[in-house]
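Sequence order for the protein chains is A and B. Be aware that the first sequence starts at 1, since it is given in this note's numbering, and climbs by one per residue. Be aware that the second sequence starts at 1, since it is given in this note's numbering, and climbs by one per residue.
Please keep in mind that the hints were generated in silico from the structure rather than gathered at the bench. One should not assume that every hint holds.
As the list claims (entries may be wrong) - Only some residues are given here: those of chain A computed to face chain B with a beta carbon under 10 angstroms:
1) PRO9
2) LYS13
3) ASP48
4) THR78
5) GLY244
What the hints assert, rightly or not - In silico lysine-lysine, DSS-like type, Cα no more than 30 angstroms apart, as pairs:
6) LYS266/A / LYS224/B
7) LYS64/A / LYS154/A
8) LYS4/A / LYS66/B
9) LYS8/A / LYS66/B
10) LYS142/B / LYS203/B
11) LYS255/A / LYS109/B
12) LYS203/B / LYS266/A
13) LYS99/A / LYS109/B
14) LYS11/A / LYS75/B
Each residue gets a CB set at the ideal place from its N, CA and C atoms; glycine is no exception.
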Amino acid sequence: MSEKNIYKPQKFKLDKVVTESPLIKTFFMTPKHDFEFEAGQFVEVTIDGIGEAPYTPSSSAWVKDKMEITIMKAGYVTDKMHQLQGGEILGVRGPFGSKYPLDIFEGKEVLILGGGVGIAPLRCLILTMLEQPERYKKLHICFGARTPQDFIYKEWYKKLAAHERVNLLRSADKADESWTETEGVVTLLLDKLEVDFSTMIAVVCGPPIMMRFGTYRLLELGVKEENIYLSMEKNMSCGLGKCGHCAMGDYFVCKDGPVFTYDEIKDYPNIWI
Amino acid sequence: MKIYSVPEKRWNSFLQSLLETYRTYAPFLKYETVDYEELIPDKIDSIYYASVKPTTPLKIFHFPVKENVVKATQKEQRIIIGTPACDLAALDLMDSIFLDDEFLDIYYKENRENTIIFGKDCYGHDESCHCTSYGLTPYPQKNCDVIMSYDENNFYLQPISGKGEKILSEFGLDKEETLEELPYDVSKKRETVKSDLDKHNQKLPDSEATRKLVEREDKEELWKKHAKTCVSCGACSTICPTCHCFLLIDRVGFEKIKNWDTCQHPDFERVAAGEDPLQKLYTRLRNRYLCKYSYKPDMFGEIACTGCGRCIEACIGEINKNELIMEALE
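All chains, please: the whole structure from these sequences, using the hints.
Put into C-alpha cells, the structure is as follows:
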C-alpha cells in the first residue's frame, strides 16, 4: 500500500497542558513533521487506545512546527484529554474541512463574534489574520463568557486590545465587582459597534444558542446572509465525508464545512442543534 | 457482445479448479433463506442458482462489519458468484464515497480490486423486491466482471471487464462456444421477471415521486405512526447495500477499527455538549428515507435505494418501507 492511509494518525508530542478555566485546558503540541492547515479547518486528535475527537486548532495557521488546541471537558474523550499531563504521544489526522476565505475578507471590516470555548478556534483565525493585518480594514472582536473567570486566554486580551487594527469588546453574562467591561449577553456588544453592517464580514463561533441569536441579531443589523460565516459543531468520526455522523442534509459538515455561510445552510433542518 | 455458452459439467469443473487459487463465495439455500457461503469442492453441486438475492448484501465483502484500517493486512483474492443487479447497482454509490479523489479509502480500494464478481440474473422476485420501480433491471448490466445467466443446459457467461475476460481465459472458458446474444428463452425469462416486478409494484411511486413524499413537512403523524414499532436495532441499515455509515473505534497502537454504524441508533449525531438533531425516534426513521431519496441524490446524483427490499424483510418491528411510502401518497 503505497497510497496515503487516510485513517492513520500522525504522531504529535504533547509538550504541556495549561489550565484556562475549570473545564477548559490548552494543549501545546509538537508534530513529528511540519503540519500545515488553514484557519477554519479542524483536526482529529487520538488518545492512543482511548478515542478520537475533532477540534479546531487555536494557534496560528502560520506556525507549522507547533500546534495548540484548547479543549473543553464535555464528554468521554475530552475528559481523558484533561487527564493528560504532558509528555504523551498523541495521534493527529487532518487537516479537514473548509477554511475561512481570507481573500474574501481582504479590505473589509471583519466582525468576529465568539462565546465561551468558541473563542478557541477564533483565536486561530485572529492570529492568522494578524500576521498580515494590513490586508483587512479592521477586526472588530466581540467576545463573551458566562463570568469574567470563564474567559480563556487571560493574558491575550491586553495585547489584542492594543493592536491598531483591532477593536476588542468583551461581555460577561454575569459580572463581578472587578469587571469593568460590558455585563450581559455577547450580542449586546453588537449595538456598540459603529460600522457599516451591510458591507461587513461576520464570523460567529460559540455555543448553539449564542450562534443562533448572534446570527439573528447580525441579520437585523443588516449583515448580509452570505457574509455571515458560521463554524458548525457536529458529531464527527472520520472527518473524511464517509462515516455519516456529521450529515446535515446533503452536506457532510466535516468535508463541506465546518465553515459555512448562513445562506448556504439557513434552509437546513436543525442547524442550531 | 460476446457470451460464452458453457455446459454445466464444464462450469462445475471450472469452479473446481478455481478453488485451488481463489477463495470463492456462492449462494446456498439454508433453512429457507439464501446466503453466500464459502465454496468447497463438495458443495459445487448444491449452489443455489435459482436464488433471488442473498440475505447478506454484497457490501460486506468490500466494507466488512469491522475492519482494522491502520494495520496493514494481507488481502486474499476472492471470487463472488451470483450477485444480483440490485447489489451491483449499489457499488456506484459505495465507490463514490470510499474511492473519492480527495480521500481515497485504500482498504476499500484493495477489497474492490481483489474481488472478482460474477453477477447473476434473478429468476423470480421476493415479495419486497422493487428494483424496477427505480429504473433498475432484475439482471446485471454493469458493476461486475462477468454477467451470468443459465438454463437447464448451459451457463452463459458475458465478461464485461478486463478482470472478467482474464479469469475466463485463465481457465480456458473463452474456448467455449461463443454467442452473439443470449438464447431466446433466457432473454425471455429476463423480461418476464422484469414485467412481473413492474406489475407487483405498480402502485409504488418512482424515485423522484418518493423524494417529494419523504420531503413533505406535513407528514409528521405518518412517521410517528410507523416509528412506533421501531426498536432502533439498525437491521435496516445493516442489510442495506448502500448504507455506508461507520464509527472509528480506537485500539492501542493508534489502530482504528472501521465499524458499521447507523443513523437509526440513538446518539448517532449527538455532540458532546448534548445536542442531538436525531434525538426522536421518528426523526431517525425519517432521516434514513431522506438520506436515501433526497440527500444522496443531491450529493451523488443518484438515490441510495436499489429496491432490494431487505430493509422490509429484516425489520423486526415490521416497518414496511413500501407501505409507508404508498400511505404517504394518500
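Results of checking the hints against the structure:
1. PRO9: 5 angstroms, holds
2. LYS13: 14 angstroms, violated
3. ASP48: 6 angstroms, holds
4. THR78: Given a least distance of 6 angstroms, the restraint on THR78/A holds.
5. GLY244: Holds: closest Cβ of chain B sits about 3 angstroms from GLY244/A, inside 10 angstroms.
6. LYS266/A / LYS224/B: 26 angstroms, holds
7. LYS64/A / LYS154/A: This hinted pair holds, its Cα atoms lying about 24 angstroms apart.
8. LYS4/A / LYS66/B: 20 angstroms, holds
9. LYS8/A / LYS66/B: Roughly 16 angstroms between the alpha carbons, so the hint for LYS8/A and LYS66/B holds.
10. LYS142/B / LYS203/B: Within the cut-off at roughly 27 angstroms; holds.
11. LYS255/A / LYS109/B: 20 angstroms, holds
12. LYS203/B / LYS266/A: 36 angstroms, violated
13. LYS99/A / LYS109/B: 29 angstroms, holds
14. LYS11/A / LYS75/B: With Cα atoms ~27 angstroms apart, LYS11/A and LYS75/B stay inside 30 angstroms; holds.
Against the hints set out earlier in the document, violations occur for numbers 2, 12.
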